[in-house]
Structures are given as C-alpha cells and as structure tokens.
Amino acid sequence: MKKKLLAVLLATTMVASLAACGNSSAPAADSSAPAADNAAAPADEAAPADNAAADTSAIDTSEHVKITYMTTGESPTGTKEKYEEMMAELNKILTEKVNAELDIYFISWTDYLSNYNLTLAQMDGTVDLVGTASDWLDAWPNAKNGAFLELSEEMLQTYAPQTWASVPAENWELCKYNGEIYLMPEDNYAQWTNHGFAYRLDWAKEAGLEDGVHSWEDLTTYFRYVKEAYPDITPWDSDGTQYATMVGGWISSHSDYVSIDGINSGAMWGGTKDDLYTVYSPYVTDTDSLVEFAKLMKEWDEIGVWKTDVLNNTTSTNRDDYRIGKVAAEQHHTQTWTDLVSHTPANTIYQDDEDADTGFFYFGEESQNVTALSITHGAMAISAGSKNPERALMVYDLLRNDPECYKLFCYGIQGVSWDVNEEGLRITPEGYNQDTDNIGGTTNYWWGRNDDLEIKDATRNWDAIDKLYAEYDSIKIEYPYGQFVADVDNIQSYISNINEIHTNYMKQIAYGKYSGTAEEIVAEYQEALKAAGIDTVTEELQRQFDALYK
Amino acid sequence: MKKRKSDLTFFQKVKRSRTLLLMCLPAVVFFFAFNYMPLPGIWVAFVKYNYRDGIFGSKFIGLQNFEFLAQSGKLLSLTKNTILYNLAFILLGNFLAVFVAILLNEMRSKWFKKVSQTLMFLPYFISQVLVGILVFNLLNYDTGFVNGILTSLGLERWQPYSDPNVWPVLLVIIYLWQQTGYNSVVYFAAIMGIDGEMMEAAKVDGANGFQRIRYIILPSLKPTIVILLLFALGGIVKGNFGLFYNIVGTNPILYNTTDIIETYVYRATMTDFNFSTASAVGLYQSIIGFVIVMTVNWVVKKIEPDYSLF
Amino acid sequence: MAKNKDMDLMESGAKVKLGTSDKIIRGFGYVFVTLYCVCCVIPFLIIVSSSFTSESVIRAEGVQIIPKDITLEAYNMVCKSGGIWWSYLLTICLTLFGTLIGLSIIAMTGYALQRKDFPFRNAISFYIYFTSLFSAGLAPYYLLMVQTYHLKDNYLAVLLPLLMSSWLIILMKNFVKAIPHEITESGKIDGAGDFKIFTALILPMLKPALATIGLFLALGYWNEWYQSSLFLSSKVAVKPLQYTLYEIVNKTDALKNSVAGQFINLADIPQESVKMANAVLATGPIVLLYPFVQKYFISGITVGAVKG
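Protein chains in written order, with the working numbering: chain A, 1 to 550; chain B, 551 to 860; chain C, 861 to 1168.
It should be emphasised that the hints constitute simulated quantities derived from the structure, not laboratory data.
Among these hints, one or two may not hold up.
[As the list claims (entries may be wrong)] Covered stretches of chain C, going by a simulated chain A footprint (3 or more residues, C-beta under 8 Å):
1) 972-985
2) 1084-1096
3) 1100-1111
[To be verified] Computed footprint of chain C on chain B; a stretch qualifies when at least three of its residues, placed anywhere within it, have a C-beta under 8 Å from a C-beta of chain C:
4) 621-627
5) 633-643
6) 664-673
7) 739-747
8) 769-777
9) 824-830
10) 833-844
Built from N, CA and C at the ideal position, the CB exists for glycine as well.
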C-alpha cells in the first residue's frame, strides 16, 4: 500500500515537472502584448505618410513587440540552424526600423485546414499576420465570419504606406467585403496557375506533331504514339485526383466559359467572355460537349493512358517520374511546368537526352480562353484577435517592399543560401548544402511576393517561360469577379451536395471508368445535379450578381 | 441486521460510502473536465459560427446545419451502411475474439500461446494508411500480388477496385484481421479469471473439452460479452473512419456499398471547412446511438439486471 | 514433470486422462491459430523488408516480402530528421506515467462501481457512460483546452485526456465483478476499510485485469498523435513519437513539392520506404511490451483463495 502511494506520488511529481517542461518551451506569447493601442486607429497620428518610405516618426514604436505570422508549411528541422540565423538577421532590421520582431507559426500540412481554422478561432493574439488565399484557404468565408480585422484606408496609409501606394485603387476594391478591406493582395507577382498538360516535346515531334501538342486530338495522337513506342512506361500515371481540372479544362477549351472562384472546387458556375454577368453552369447546359469528353476519356482509358486502378492509385508520384523520364506527361498548372521545363539537377531527362524538351498544352489554347489569376489567390490578412495590428502592418510593409528584408525572408542569407551571378540571376553558392541551407522553401511567403524585388532563378528556362507568359498576356482577360463575395449561407447545403455529386461522377467520367454509354452517364450526372438543386444555386448566384453588377 | 436502503437519508448514504465515493472522485472530476465541460459547446451545431462572437455569441440558425445531410438524399443509405458494417464488425469481431481466446486457452504449450498471442497482435499496430497501401499492393489489377498468382495459374485477372459488391466482405475480413488479436485479449483475461476450482472439478468429473467450454467457460464469459456488445451498440452509428477512408479511398465506384457517414461528411466538408456542420453530424450520430443503447439496456435490465450497463 | 501427452498435470497434482474431444479441440486450435498467425506476420514482414528496400525498387515493383537492393536510406532519412530519439524518450515517459496514473484511477473506480452496497453506483455509472455517447465536437473541445485550461503547447494536453475512458472503466468493473464478494466481506469482518480491502485483498487478484487495461492504456499513449497534432504547435521542440514520424513523411512530401525540390534528385528521396521504416520504428518497442505483460495472462489459474 505504501509502495503504491509512493509510486503515485512520484508519478504526480514527474507529471507536474513535465507540465513545467512543456510550458517553458512555449514562448510567453502574451507577455509582449501591450495593454494600450488595441483596436481603434490612433487619432493623434494625423499625418498620413503617403509617400514616405518609412516615416515612423509620428508613430509610437517605443514598445518592442513580437509579431506572429501564421502560414501553412512544416517547421524547419534540418534547416533549423540557418533558418534561425536568417531570422536573427531579419529581426535585427525589423527592430531597427519598427522595433518589432517576427516569429513564424507553422500550420503543419497534416489536417492543415482544420488546424488553421482552429488557430484562427482562438482569437487571443496568438497570431497577427495570417497568410490566406481566396481559392484554397477560404479567405472570404473567414473574413465574413469575423476572423480578420477590417483594414481602414487610414490604417493602411499610415502603417503600410508602401503597400498602399503600390496596389492600385481598383485592386483594393477587389479586397473589400461590405465596403471594408480585409486582404492585402499579392498582386505584383507574375504567376500563372492555369492548368494543362506538360509533355515531352521531343516525343511529340517523333509522333509527327511537328509543332507540339495544341489540341486534345493532338494529345490523343501523342498518347497513342507513346504507348506504342515506349511500351514499358505508363504515359500518365495519374493518382485519380485531376478529374476536376480535366473536365474544367475541356469546358474552357471548347467554350468561352469564365468560372467564378471560391464557390466550390469544381468551379461550376460562371459567365462567358461575352456575357460576364449572366450566371450559368456549363455542366448543365453543355451536354454535347460533356458527352464528347466522356467518349474521349473512355478512349484514353482503353489506350491505357493511365493505370487500370487509377482511382485508388494514391501512391503514384507522377511528377517525379516525369523528371526522370518514366512517364510522358504531367497534368498540372503553368507554374509547375516552369519547373519541369528548366534544366535543374532534379530534371535528369535533360542530362540523359540532349533532345529532351517539355512543352505545355494549356487548357483554353484552342479557344484562346485564358483568365489571369485572381489577385487574392495569395493575400495577407490581420487576425481580428491580434493585439498589435498596426505594428503587424508595418512589419508586412517591410517584408514586402524593403529589399533587405525581402531577400532575407524569401531566399535566406546571401552567400550562404543563395547568391547572384554575373547576369544578376539567383544561383546556389559554393558549399551550398541542400539539407541545411535551403531557406527559400521554409518561410512559405506566398502572400506578398513582389516582382519589383524578385531575383530570377538562374536555373529556370526563362526563354521558354517568358515566351509562354507573353502568349498568355496577349490573350488573357483579367479575373472579372474579384469583387464578388458570394453569400452562400442559404445555399451551402446544396453546394456541399453538388460538390459530392460532381466529384463522384466526374471521377468516373474523367477516367473513363463508367459503365454504359457516354450519353447515359452524362444524363445520369445531370439529373443528379438537378435533384441536388443546382438550378436553385444558379438562380441565387444570379440574384447576387444582379445586385452587385447591375 | 439489515437496514433497508430506503431508510437512509441522502447524507447518511454519503457518509456510509464516503471511501467508495472518494475512490470514484478522480474519475468523476476527469469526465467533468474533459467531457461535460465542452458539452454546452454542442450549441455550435445550431449556430452560424462567427470567430469574433465565439460559440455562444454567434447567430442561432436552428436546424440549418443539419440540412445538407438531409438534402443529400443519401442519409438513409449512409446510415444503413454504417449500421450494417458496425453490426458485422461487432458481432463477428466478438465471436472471433471469443473463439480465439477459448482455443488459446485450451493449448498447453506456453511457448505456443505466448508467441501466437504476440503475432496475432501485430496487425493492430499497423496504421490504417499502411493497411491501405498493403491492400492496394495485394489487390490491384496491374501489379497486385493476387493477380500475379492468378495469371501464373492461367486464370483471368480480378479487378476488385471496380467492383463494389466484394467490398463489404473484404472490409469485414480486413477489420477482423486487424482487430481480433486486440479484442481477444479481453476475453483471454476474463477466462483467466474463471474460478480454478470449478475447472478442476469439471475435469475430475470427466467433462470433455466441448462440455467444459459449453457449460463453464461460455457462461462465465457471458457478462463480458454482453457488456462489450452493449457498449459497442452506443457507437454503432460512428467510427472506423480510418479503415474506410484509407482502404476505399476516394473511389466513387465503390461508394454505394462502402460509404459511411463519416467518410461522406469528411469529403463534403474537406473544401468547405465548417465547425458547425461537423458538430451537427456528430450530434445526429450521438442521438441515434443514445436511443439504441437506452432501449437495449432497458430490455437487458428486465431480463438479467446484472448484465446491464447501468 | 514428465512430458506425457496423455496426461495432464494440474497444479493440485490431480492427474486426469485426456479425452478425444480435447485432442480435437487442441488439434483444430493449433491449425487455426497457426494459419491466422501466418496471416498476421506476413504483412509485417513485408513492411520490415520494404523498409530495407531501395525506393526505386518499391516504386517500380511495389512492396517486397524479401528485401531487394538493400539499403538503410529510409532509416537514415528518419534518423537524420533529428529529434527522433527525444521523441522516443518523451513517448516512453508519457506512456509510463499515463498508464500508472490512469490504471490506478480506473481500478479504484471499477471496484467501487461494482460494489452492490454502494448506493451511488448506478448514478455514477451512467454519468461515466453517458460521455461515450455524446460529444460536443472538435471546436468546443479545442477552445476549452486552449482558452480555458491554457494547455496549448503543454504536454499535459496529451497526457491528461488519455488517462481513462468510459470503456476501460466499464471493462474493469466487469473484471472486478468476477471476484467473489466473499473476499470483500471477509475483509470487512476483519475490520478493514474499503480502501484497504481494495489494495490488500482485491488488487492482487486483479492481475489479468490490470495487465489488460494497462496494456490498452499504454497502447493508447504509444499510438497517440491526434492530441499532439491539435495542441502541440511548431513551438514545441520535442513531440510524441507517432506525430514526429508522421511529420517526417509530410516533410518529405512538402520538400518535393516546394520550390526547393528542383535542386535534388527526387528519385533518391525515399518516401514509400520511409513510411515502412516509420512503421517499424513506431511498433518495435511496444511489441516487446506485450510479451512482458503476457506473463500475467499465462501465469495460469491463480484464483483459489476462497476456500470453504
């Protein structure tokens, strides 16, 4: 009995000390929270610094605060040492300029959406700057649900003057909901995330496509050829998840459809280039087109473009296989292609075969239908629970516009993690060790990159990339629905069910795994959509459109 | 000298059983802190959650969060799948566990018992993700192990991932494979607790193996079996997400026969993250489980009060 | 002890002849159990040998039962990520303390609840059982732990919630019920208090039950990663084992997809084999716990204290 009591006592003591351990490794995030200057924009900082680079003289920065920046990503382990060095350098500058220091709060990729929202829900000052995106991080729903602080024009002008000045007025409009600005957009960074197929240009030429692949029919020819000439490889070892981009790509290749972002992942509603403000869903109206698609996909399945059990092929690593020449195509967006087309050490196809080249067949090429990326695809917001919103804005302003801070944050310490060659392009310096020095992939700063300060990566194939970008620029339209923040409260349940139907049917259709004829499966799909209330949603969206745009 | 319980006042009862009460205290506090304290938060299923307003300040919207489940038209089939699979798991799982425990008990070789118990336990440790990978490696059409054997025997290949009808059986087999070792531990311990004298006496009396099992072991195990069954009933509309999600994955061809409530909700809310909907579904599951358990427990109490849960 | 197949030696010394039905049961038992064990071992063997197989072989041919192209690359990758030994230590600590504390509480509660003369047992049983039926969901639980209990980034957030569950308590209650009430009564006659009866008389007879529940508790702690993912942020240096291993796989994924991926020959980064290595590293130690605990099961029939 005594022994047991002793054991229990011992255990409790140890547990208590564990608790102490656990606590001490957590930085006292609250200790730096100043009691004063909380919510209201300070009235005495009258002079709006409209062109001053860092006129913080009128602003009270006497108290040293810690600003926490929340982003998705894994916290550094191998690169931890160099990461901490970089942060120390960065914080030196930040302290000097605005008497603040930056701390990164990582939301691990495991269950990231859940943990991201839970952290936002804490509302206790744990995070100040929040990286967000209107397409994959629910920027607008979160703004509507009170997670983000309203950023008044005065606040932005005072505390983030450079950002304020560099973003044009019409772009600020697109960051508003109910008249209030919630997001600071990454609008000065060239990025194309429109989808298509990256393919082996050299193999396409062998197949008789002199100019490469420029249509879905060309693709079919290409795949047939690859299957015959290179029988040991799977042409496209898909993992079964690209159904939405495939069908979406087909639709935009055969019509003038412009989709609305952020309503659902299938981007099922939108307008046309000629008539932007009449809402429709091509998945309901373009029946013939969908039947064509279903037939073609069945053909691809029969050719053997993908593995038979493609829908369960979760361990596939197609992109890596492409780099080493084990597959013939990768379906993803332009940004990925800029990587695949470049002669980096990882892309061994270029070392093994001097003729190797990668082309990009972008969806919409046939119809010249390409929409530029919405400016809020990456944006920075301020948590509504932040205790230091003003200082947070000042820190962001520096990160985005100050060359020193920008380079440190995006690339690391010069000479260690990166350097510049004679042409002014970014290279890896002597003695660079991938495992310990790679800072660029750590801070995940996808919410404020700035082409004015970007140093181009020397390993990228800028000739090919610039050429494609120029082509896009000549035919693109700007994303037209930036101002539209859908109010989905009453139709959310319909949308959730429609999502489910779309996913389930499209998986079978896009991989040719349906039974029966193409007409039958498309009809079944459309009936299910109707039963789930797709017309109700379309009508509701139209109503909201009319209120906003007419 | 028996005082009738009804003669004692509440405080007298407390005083008499104070040691026992104290012994229960840590558990009571634990459950209060971790299970009852969050319960009021169930309110989140009835509001439109706003970060600034918190759970209790957010706008009340009644049953709206439950709508998407109801409107999907799938609610019935999902509930049916969930319940049927769970019934199979519970009944077959317990049957197999008892079966294995009894068999093992009959073995005399200590070495064999030890080794086999450890080996049987192994599948439990394999994470669901790995199980999914292993099953895929076993069954897939192009490179699967099973198909490798079939082709070398000159038979046609089998394409299970396109056939929804085989999966109920496959999933139950996988579940049994993974859980039996773990489940049988409870029964094995229970058998260990059976009065040794009874067993000895039975042997001396000439009872053979089957008789021993039928007349001594099984009846002694009955309370344990009933309690485990009853307990499992409460969770009959829940659980096993890991198993289904990792093995079936997101292959819609198989959904008709393999989709359960949790996998459906997970997919539906994956791109539209919503605390309220998740809570609403949890509440739906809890209520059904509650009704089922209360009913069955009441029935059991009438038949054999000793076996009821409470 | 003579190894005579027809004789069965019991502890009391009585010799009983084996009947054919016993032989049938035993024979069948050996066959069935052996087959089942083979089914259990093979997947595990596959995992172990795949962890030693090079990534390219796994990608090309799937997992192997005999390692081909043997390499320690996957293990290197895992150990290189650092901190794994600390994670082991942390998890072992958590498991030990959690199991000890939890087991004590569960045993006490289980005993009290099966005492027929305890007037509050039904109420408390229901109180405990009810918690397994209803739960408020993720958000209220998370906010309670973080905002009210301030347990974010605190190891207690992992230790405390796993201390017990209603299932374990009910299970324990059931085991204790099997102990004859005469024992408690004899203790009372001797003048002992309830707690003394519990510790001196009941506990020694509960060995199989304690071993079982202790095992389940320990497994719960060992396998836990969910609480870690919710409450231990990147600010915590050392995380429990399963979560650390999970993160290692994720980091490999993230590394490949990030901009950084371009500088390394990605075919070399072990990924599938890392998952296998993880499984081996995670399971290894706990598999050894089970034989240790087994002796309480196999010790034979120990109950026999009640005479007359």
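How the hints compare with the structure:
Counting residues of the segment 972-985 of chain C whose C-beta sits closer than 8 Å to any C-beta of chain A gives 0, which falls short of three, so the coverage hint is violated. With 6 residues having a beta carbon nearer than 8 Å to a beta carbon of chain A, the segment 1084-1096 of chain C meets the requirement of three or more and the stated coverage holds. Counting residues of the segment 1100-1111 of chain C whose C-beta lies closer than 8 Å to any C-beta of chain A gives 4; at least three are required, and the coverage claim holds. Coverage of the segment 621-627 of chain B by chain C is violated in this model, with 0 residues showing a Cβ closer than 8 Å to a Cβ of that chain against a need of three.
Counting residues of the segment 633-643 of chain B whose C-beta lies closer than 8 Å to any C-beta of chain C gives 0; at least three are required, and the coverage claim is violated. Remark: the segment 664-673 of chain B is confirmed as covered by chain C, as 10 of its residues place a Cβ nearer than 8 Å to a Cβ of that chain, reaching the required three. With 8 residues having a beta carbon nearer than 8 Å to a beta carbon of chain C, the segment 739-747 of chain B meets the requirement of three or more and the stated coverage holds. Taking a C-beta to C-beta cut-off of 8 Å, the segment 769-777 of chain B contributes 4 residues in contact with chain C, enough for the three needed, and the coverage statement holds.
With a threshold of 8 Å between beta carbons, the proposed coverage of the segment 824-830 of chain B by chain C holds, since 3 of its residues qualify and at least three are required. Judged by the Cβ-Cβ criterion of 8 Å, the segment 833-844 of chain B is covered by chain C as claimed, because 5 of its residues qualify and three suffice.
When the structure is compared with the earlier hints, violations turn up for hints 1, 4 and 5 and for no others.
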